[in-house]
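Participant: Chain by chain, the residues run as shown.
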Amino acid sequence: MVTGNSSRHPVARQYEVAANLEQSIDKSVHRSWLTWLTSQQTFWVSMAAVVAVVVLGLASDVFATQQNLFNVTRNFAFVAIIAIGMTAVIISGGIDLSVGAVLVLSGMVVGMQMNAGASIWVAIPLALAASLGVGAFNGLMIAYVGMPAFVVTLGMLSIARSVAMVLSNNRMVYEFGPDQPQLLALGGGFVDLWLPWLGQIQIPSPVLFLLVMLLGAAFFFRWTRWGRYLFAIGGNERAATVTGVPVKLVKVSVYMFCSLCAGMAGILEVGWLGTITTSLGQGMELSVIAAAVIGGANLSGGMGTAFGAVVGAALLEVIRNSLILLGISTFWQGTFVGSFIIIAVLFDRLRARDANE
Amino acid sequence: MAILELTGVSKHFGAIRALSNVSLTLNPGEVVGLMGDNGAGKSTLVKIVAGNYPPSDGTMTMLGRKVAFHKPSDARRAGIEIVYQDLALCDNLTAAENVYLGRELMRGFGPFRILNYAAMFKRAGELFAELKSETRPRDLVRRMSGGQRQAVAIARTRLSDAKIVLMDEPTAAISVRQIAEVLSLVRRLREQAIAVVLISHRMPDVFAVADRIVVMRRGEKVADKAIAKSSPEEVTGLITGAIEAA
Chain A
447 MVTGNSSRHP
457 VARQYEVAAN
467 LEQSIDKSVH
477 RSWLTWLTSQ
487 QTFWVSMAAV
497 VAVVVLGLAS
507 DVFATQQNLF
517 NVTRNFAFVA
527 IIAIGMTAVI
537 ISGGIDLSVG
547 AVLVLSGMVV
557 GMQMNAGASI
567 WVAIPLALAA
577 SLGVGAFNGL
587 MIAYVGMPAF
597 VVTLGMLSIA
607 RSVAMVLSNN
617 RMVYEFGPDQ
627 PQLLALGGGF
637 VDLWLPWLGQ
647 IQIPSPVLFL
657 LVMLLGAAFF
667 FRWTRWGRYL
677 FAIGGNERAA
687 TVTGVPVKLV
697 KVSVYMFCSL
707 CAGMAGILEV
717 GWLGTITTSL
727 GQGMELSVIA
737 AAVIGGANLS
747 GGMGTAFGAV
757 VGAALLEVIR
767 NSLILLGIST
777 FWQGTFVGSF
787 IIIAVLFDRL
797 RARDANE
Chain B
122 MAILELTGVS
132 KHFGAIRALS
142 NVSLTLNPGE
152 VVGLMGDNGA
162 GKSTLVKIVA
172 GNYPPSDGTM
182 TMLGRKVAFH
192 KPSDARRAGI
202 EIVYQDLALC
212 DNLTAAENVY
222 LGRELMRGFG
232 PFRILNYAAM
242 FKRAGELFAE
252 LKSETRPRDL
262 VRRMSGGQRQ
272 AVAIARTRLS
282 DAKIVLMDEP
292 TAAISVRQIA
302 EVLSLVRRLR
312 EQAIAVVLIS
322 HRMPDVFAVA
332 DRIVVMRRGE
342 KVADKAIAKS
352 SPEEVTGLIT
362 GAIEAA
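Protein chains in written order, with the working numbering: chain A, 447 to 803; chain B, 122 to 367.
Looking at chain A on its own, in the form it has when it is part of the complex:
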């Protein structure tokens, strides 16, 4: 040692550094589930939704009533179902702007078919087939022709709604033939459920659909090759290609899945409203994308969860509902929804910066 005031031998100090390094590596390996949980955007969005619900329950006499909660859950179910499909597309690094138009197209196919006297067993498969067809077209143009998803689905947004207008001659359809009760029950019905403490509650049938979709999608995202490939393609498409992932096929399938979600939501919404006009679902793609993004889907691809999409949609609906209940002008809705989108992404940005340091 040359310098007198250095108390420790350099080798000893080196060991110390190495030990510290080991410790910190250890720490990062054995991160507790709590750390993991708090690092998830979905967790914070869920917390925000819970806080909003509690505050509203205290601030408004109406919010916590069963009828209002019934309405809130049903209203957000439509957006949430599509947001699950949208999340899959966003995970793969794409975007689908045509969901609102697919929703009305699907609804219109069901409506016109049943209006003409067709059975619900014919009308619904036809509507779903139309939705899948739209998705397949989107996917083929994007994956095989190599066009940007934004452009293809923007075009489809226009086409699908216009086809719905042509089909219906832009009329309002409200008579659904002999199977009308089944259609109305499908979208507007509910299931009684008896729960401890809460007693008997009514679950709107779109919410049941949503739950099935959520569980199915969460399972497929995590436990199947298809799910892994979505994340791989969104993370690094070239890497997926050179490792033998059928990138094009997966891309086509994910747009078909998203359109299918929109088509199902369309059928349910027609059943709920008991009527359909060509303005149904206008601008809905923005709420759906907002729900997915608030729920943690990253528009640059490779990130997102089905649960997050549902929570994002729920949060949006709770905000909307609360503004109405609290007597705040509905003109403010856009400001609140927009702020939440920006805050959610801002949060993600800050977290990403932390992770890089």
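What the hints contain is simulated information worked out from the structure, not anything from laboratory work.
Computed from a prediction, not measured in an experiment: that's the story for all the values here.
Keep in mind that a hint or two might mislead.
[As the list claims (entries may be wrong)] Pairwise CB distance ranges, derived in the manner of DEER restraints:
| no. | chain 1 | residue 1 | chain 2 | residue 2 | range |
| --- | --- | --- | --- | --- | --- |
| 1 | A | G579 | B | R198 | 30 to 40 Å |
| 2 | A | V597 | B | R234 | 28 to 38 Å |
| 3 | A | L661 | B | T182 | 50 to 60 Å |
| 4 | B | R298 | A | W778 | 55 to 65 Å |
| 5 | B | A347 | A | V791 | 41 to 51 Å |
| 6 | B | K243 | A | T670 | 17 to 27 Å |
| 7 | A | W778 | B | K243 | 51 to 61 Å |
| 8 | A | V791 | B | S144 | 41 to 51 Å |
| 9 | B | E247 | A | L661 | 46 to 56 Å |
| 10 | A | V637 | B | A240 | 33 to 43 Å |
| 11 | B | N148 | A | T670 | 37 to 47 Å |
| 12 | A | G662 | B | R198 | 48 to 58 Å |
| 13 | B | G231 | A | S485 | 35 to 45 Å |
[Stated by the list, open to error] Here are a few chain B residues that sit away from chain A, every Cβ distance over 10 Å (derived from the structure):
| no. | residue |
| --- | --- |
| 14 | T128 |
| 15 | A136 |
| 16 | S141 |
| 17 | G150 |
| 18 | G179 |
| 19 | T180 |
| 20 | S194 |
| 21 | E218 |
| 22 | G223 |
| 23 | R308 |
| 24 | D345 |
| 25 | G358 |
For every residue, glycine included, the Cβ atom is placed at its ideal position computed from N, Cα and C.
Since chain A is already given, all that's left is putting chain B on it; use the hints.
Facilitator: Showing chain B alone in chain A's frame:
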């Protein structure tokens, strides 16, 4: 017997002669450093071996049998694996998921098959241990050092029974300590009797690990000799053309 033998391989792109009359032999457990300036034909040669495109002329044999690759998966099936310069990793997935990308392990029966994460984590962990790398299977690739990322890309080649591993500039953009890590990974592959082709600009790395050196210039092979009988000065001369051939 030679694991791979190229005889009189040429490649034209229209009027451009990218590769002319190149013959090359690869033996099991041999590390060959492939050197040359930009545009010398290294990557064309590698792409032909990897099945990205067929040669215009000449033949390829593996273990004495004639082969023709029409696409990269053909080459892969024949036991030729490539470690790309950018490593072709998905940052958002774990090390194990990257290793198994495109060849996931499944469990279940019939159409009811789900991903077998436990087996993938376990096997990937074994592969990393085999490569003596500190990479952990459950870590996201995003959080890894350059050396660990290399280990993930190399572990991928160990999944199948690869006979030849082509490595494109594996030491181009990483730190000195990580370079040492990568070179030891190359030695691990050699121990497993795998033939490694190391495409590199970095003379010290090639001299540190290669058994044989092949120098390309203007689409022709100008040298092919044991590393012990060459020197960095000679190779530099061969690359630039100051020395005609050796």
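Participant: Take the hints in turn and mark each one as holding or not.
Facilitator: Consistency of the hints with the structure:
In this structure, G579/A and R198/B meet the distance hint of 30 to 40 Å, their C-beta atoms being roughly 36 Å apart. For V597/A and R234/B, the hinted distance range of 28 to 38 Å is satisfied, since their beta carbons lie about 37 Å from each other. For L661/A paired with T182/B, a C-beta distance near 54 Å keeps the hint of 50 to 60 Å intact. Between R298/B and W778/A the Cβ separation comes to about 57 Å, which falls inside the hinted range of 55 to 65 Å.
A347/B and V791/A have their C-beta atoms about 58 Å apart, which leaves the hinted 41 to 51 Å range violated. K243/B and T670/A have their C-beta atoms about 20 Å apart, which keeps the hinted 17 to 27 Å range intact. In this structure, W778/A and K243/B meet the distance hint of 51 to 61 Å, their C-beta atoms being roughly 54 Å apart. Separated by about 57 Å at the C-beta atoms, V791/A and S144/B break the suggested range of 41 to 51 Å.
For the pair E247/B and L661/A, the beta carbons lie near 34 Å from each other, so the given range of 46 to 56 Å is not met. About 40 Å separates the C-beta atoms of V637/A and A240/B, a value consistent with the hinted range of 33 to 43 Å. Separated by about 42 Å at the C-beta atoms, N148/B and T670/A satisfy the suggested range of 37 to 47 Å. Checked against the hint of 48 to 58 Å, the C-beta distance between G662/A and R198/B comes to roughly 35 Å, which is inconsistent with it.
A hinted range of 35 to 45 Å holds for the C-beta pair G231/B and S485/A, which are about 38 Å apart. For T128/B, the non-interface assignment is confirmed: its Cβ lies about 28 Å from the closest Cβ of chain A, beyond the 10 Å cut-off. For A136/B, the non-interface assignment is confirmed: its Cβ lies about 29 Å from the closest Cβ of chain A, beyond the 10 Å cut-off. Even its closest Cβ contact with chain A, about 28 Å, leaves S141/B beyond 10 Å, as expected for a residue assigned away from the interface.
No Cβ of chain A approaches the Cβ of G150/B within 10 Å, the least distance being about 26 Å, so the stated non-interface status holds. The beta carbon of G179/B sits about 25 Å from the closest Cβ of chain A, which is more than 10 Å, so the claim that it is off the interface holds. With a cut of 10 Å on Cβ distances, T180/B stays outside the contact zone with chain A, its closest approach being about 26 Å. For S194/B, the non-interface assignment is contradicted: its Cβ lies about 6 Å from the closest Cβ of chain A, within the 10 Å cut-off.
Some Cβ of chain A comes within 10 Å of the Cβ of E218/B; the nearest lies about 7 Å off, and the non-interface call is violated. At the 10 Å boundary, the C-beta of G223/B falls inside the reach of chain A, the nearest C-beta of that chain being 4 Å off. In this structure R308/B is separated from chain A by more than 10 Å, as the shortest Cβ-Cβ distance comes to about 25 Å. No beta-carbon of chain A is positioned within 10 Å of the beta-carbon of D345/B; the least distance is around 29 Å.
Distance check for G358/B against chain A: the nearest CB is about 36 Å away, which clears 10 Å, and the non-interface claim stands.
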